[in-house]
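Heads up: the protein sequence lines correspond to chains B and X, in order.
Using the UniProt record's numbering, the letters of the first sequence map in sequence onto residues 1 to 352.
Using the UniProt record's numbering, the letters of the second sequence map in sequence onto residues 1 to 337.
Because the hints were derived from the structure by calculation, they are not lab data.
Some hints here could point you the wrong way.
[To be verified] Residues of chain B placed beyond 12 Å of chain X at every Cβ, according to the derived structure: (1) Arg-28; (2) Val-139; (3) Glu-214; (4) Gly-346.
[Unchecked claim] Using C-beta positions, here's what the derived DEER-type ranges look like: (5) B:Met-122 - X:His-165: 19 to 27 Å; (6) X:Asn-116 - B:Asp-91: 53 to 61 Å; (7) X:Arg-309 - B:Trp-310: 58 to 66 Å.
Here the structure is a predicted model, which is why all the values come from computation and not from measurement.
Just so it is clear, CB atoms sit at the ideal spot from N, CA and C, and this is done for glycine as well.
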Amino acid sequence: MSETPLTATAADPRADGSATPPPLLEVRGVTKSFGHGRRRLTALDGVDVRVERGETLGLVGESGCGKSTLARVVLGLERPDSGTVRFDGTDPFTLKGKELPAWRRRVQMVFQDPFASLNARMSAADLIGEPWRTHRDIVPTAPARERRVRELLSLVGLRESDAHRYPNEFSGGQRQRIGIARALALDPDLIVCDEPVSALDLSVQAQVLNVLSELRERLGVSYVFISHDLSVVRHVSDRVTVMYLGKVIEHGPTEDVFDRPLHPYTAALMSAAPTLDVSGRERDEEIQLRGEIPSPYDIPSGCRFRTRCWKSEARCAEVAPPVVVRDGTADTGQEPHEGLCHFPLGTGPMEA
Amino acid sequence: MKSSTLPSPAKTGGPALEVEGLCVDLRTPSGTVRAVDGVGFSVRKGRTLALLGESGCGKSMTALSIAGLLDPTAEVTGGSVKVAGTDVLRLGRAGRRKLAGPVLSIVFQDALTALNPVQPVGRQLAEPFRIHRGLSRRDAREKAVELMTRVGIPEPRLRARAYPHQFSGGMRQRLLIAMAVALDPDVLIADEPTTALDVTVQAQIMRLLRDLQTERDMALVLITHDLAVVAQRADDVVVMYAGNVVETGPVAEVFSRPRHPYTKGLLDSVPEHAVRGRPLPAVPGSPPELSAVPSGCVFQARCPLAGQRCAGERPPLLSVGAARSAACHFSEELDRV
Ligand SMILES: Nc1ncnc2c1ncn2[C@@H]1O[C@H](COP(=O)(O)OP(=O)(O)OP(=O)(O)O)[C@@H](O)[C@H]1O
Ligand SMILES: Nc1ncnc2c1ncn2[C@@H]1O[C@H](COP(=O)(O)OP(=O)(O)OP(=O)(O)O)[C@@H](O)[C@H]1O
Ligand code: SF4
Ligand code: SF4
Ligand SMILES: [Mg+2]
Ligand SMILES: [Mg+2]
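When you get a sec, could you build the whole thing from the sequences and use the hints?
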C-alpha cells in the first residue's frame, strides 16, 4: 500500500533471543477486502495493532472503518488477505488438530450484536456453559458447572433464576450481559469486546466494567475494547488506537491521544463527543467535519482523510502522510505516541 | 402528502402521542408477571421525550406496545395510547397497519434481526414507498438510495444491492433508522437508535432527526442510555424503574436536581466524573424480580433513603414543581444526601 504503516514496536523481541516475551497479541500489516459485485471494498488496509499482557487497548473510529472486521481477524473467524496475526508468538491460522481448540479457549469475543450472536433455542445456562462441552477440564462436574453459571450471571448483574430463561425473554441489555458471561466462562487470556456495554445504562455499565477491570487485576486478562463511547474508552484503556477508513491513523497512551491528539480526525472525534452539560445546548468548540464519508471502494489518494480535513493542503492529495512521533507525556512510560499526518496538531491547546 | 384518513396532529392540535396507565403482562412458565405497570407520558408535535431507565425496566416493552408489536407472550392489559386523539390500542389489525409508517413508526433496538437477512437492503427500504405511496419499482428504488445517502452510507447505489450481513453494525442501525423515517411519520419511537454509532455519525443522525422534527413537526420518543444525548436533544424525560415511572420533567431540571433517588444514582454513575483505574460508581444491588416486585416502593431494596413507610405504601407519582413529578415519599429530602 502507498502509505507508510504505523509500526507498533521496534525489533521483534524473539529475533535476538532475548528473554522478553512477545506481546500477547501482535497484528502486522493486516489487509482484508470484500467483493461487492464487480468492485472490491478495502475494510482493512495494512493494520498494525499490539496488545501486551494485562493491558487494555481501546479501538475507536468511525462506523464502518473496519473495527469489527479486525476483531474477527484476531479471533481467526476471518482470514486476512495479507499480513500476520501472532497470539503469544503463534500464528493462529497455522494451527491444526488439538491446537486449535486450545487456542480458541484463550481468546474470546463479546460480539457487537447481542441478539444475533445468541442461539434462540438455548437457555442462558446452556449458552454460558456451552464452551465447557469442548473444554471439559475447566469446570469438570455438573454441580460445579451449575455453581459457576450462577456465579457468572451474578457477576454481570443478572439473577440465578435467569439461568433457565431463553434469549427472547431478556431485554437488550440483559442479552448483552449473557454474551459477556459467556466470554468469561473459559477464563481467556484475551477478550475482544466489540461494543460490550452499548446497550447498558450507566449503572449496570459501571458494574460490568468494574468486573472486567477486576479480572484484569486479579488474573491478568487483556482486552481489546472497541467502543463508540469515548468516556468509557478513556476510563478503561491504557493505550488507544484510532482507525479511519481501514487504516490506523493514530495510536498512543490514552491521555496523550485524548488530550493532545496529533491527527485532525482524532481531534474532530474528541470534539464531537456530546457532554452532559445541560445549560449550553449547542457547544461551539465542536469541529464539524465537512464532506461525505469517502467510499471504501475508492480510497482518496495521499492522505485518506483529506476530503474531510480542515487542514488539508495540496501535498495531502499527492503524498502519503509520514509517521509523526511525539514522546509520550503520560505516566505510562516510554510508550510512543504516533500519528499519520503532514500537518499534525501542535502540542499547545488544541488548534482547530 | 398523506393518503391516510386518520386525523393528523396538525388538525387536532393536542399532543401527538399520549400514553396513559399502560400495563403489560407477560405469561411466563411460573405465572403472569407485570412488566409495565401504569406508564404514562405525552409528547407534543416537534418535541422530544427521552425514556430512561435501568436495563430491563420495561422501556422496549413500552415502545413495542405503543407500536402494537408485542410478542405473543405479552399482552396489554390496561391503559390507552392515543395518537392524535385516537386510541390505537382499540384499532383492529388493518387500522394499525395503515398507521404504521406514515403516522407512527419505530426504530427497533435490535438492528440485525429487524432486517430481512435474505433480501437486499435496497428492496427493503423501497417497500414502504411501494405499499403506502404506490410508487413504481424504479421510483421507490430511487427513494431508497436517497434515504441511504441521508443516513451517510457511502456508495448507496452499489450498496442497495448488498445484504444486511455485508454492512457494519452501525450501518445496519442507520438502515433501520432510514426505514423508520421513510414515510415522514408524525410520531417516531426510536429504541437506542445511536448505540452502535460513533460520535460524528451519531451527530449526523441526530441532525437528520432534528430536521424531521422542525420540517415535519415530528414528535420523537427517544429511548437511550446515553445521558449526554438526552441532555442535548430531549425536551423532557421520563425515568422508569421496574416497570413504573418514577420521575418526569424537563431534562435540564431533572438532570440538575433529580427528585427521585434512582435518578440521582443513575446520574452519579457518569464515567466522566470517575478516576481512571478506580471502580466506576454504580447503584448497588439489582432490580426486583418481576414476579416479586414489593408492595411498597419498587426501589426500596436499593434506596439509601428507604424508611418504614416505603415498605408499606407505594409512593404515587406526584407533582414536585411545575411540569415535574416524582414517585417518592421523601423526594424533598433528596438534596441532603
Ligand atoms: N462479510 C462482508 N461482506 C462485505 N462487506 C463487509 C463484510 N463485513 C464487513 N464489510 C464491510 O467492511 C467495512 C468495515 O466493516 P466493519 O464491520 O469492520 O466496521 P466497524 O468499524 O465495525 O463499524 P461499526 O462501528 O459500524 O460497527 C464496512 O464497509 C462493511 O460494509
Ligand atoms: N417472555 C418473557 N418472560 C419473562 N420476562 C420477560 C419476557 N420478555 C421480557 N421479559 C422481562 O421484561 C423486562 C422488560 O424488558 P424490556 O425489553 O422492556 O427492557 P428494557 O427497559 O428495554 O431494557 P434494555 O435497556 O436492557 O433494553 C425485562 O426485565 C425482561 O427480562
Ligand atoms: S495529512 Fe493533510 S489531509 Fe491528512 S490529516 Fe494531515 S493535514 Fe489532514
Ligand atoms: S419512596 Fe422510599 S424507598 Fe422509594 S425511592 Fe423514595 S425514599 Fe426510596
Ligand atoms: Mg462493528
Ligand atoms: Mg430495550
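Okay, the hints, checked on the actual structure:
1. Arg-28: Fine: 23 Å to the nearest Cβ keeps Arg-28 of chain B off the interface.
2. Val-139: The claim holds: Val-139 of chain B sits with its nearest Cβ about 24 Å from chain X, beyond 12 Å.
3. Glu-214: Answer for Glu-214 of chain B: violated, closest chain X Cβ roughly 8 Å.
4. Gly-346: Holds, since 22 Å exceeds 12 Å.
5. B:Met-122 - X:His-165: 19 to 27 Å: holds (21 Å)
6. X:Asn-116 - B:Asp-91: 53 to 61 Å: Once the Cβ atoms are compared, 38 Å apart, the range 53 to 61 Å for Asp-91 of chain B and Asn-116 of chain X is violated.
7. X:Arg-309 - B:Trp-310: 58 to 66 Å: Check passed, 59 Å falls within 58 to 66 Å.
Of the numbered hints listed earlier, those contradicted by the structure are 3 and 6.
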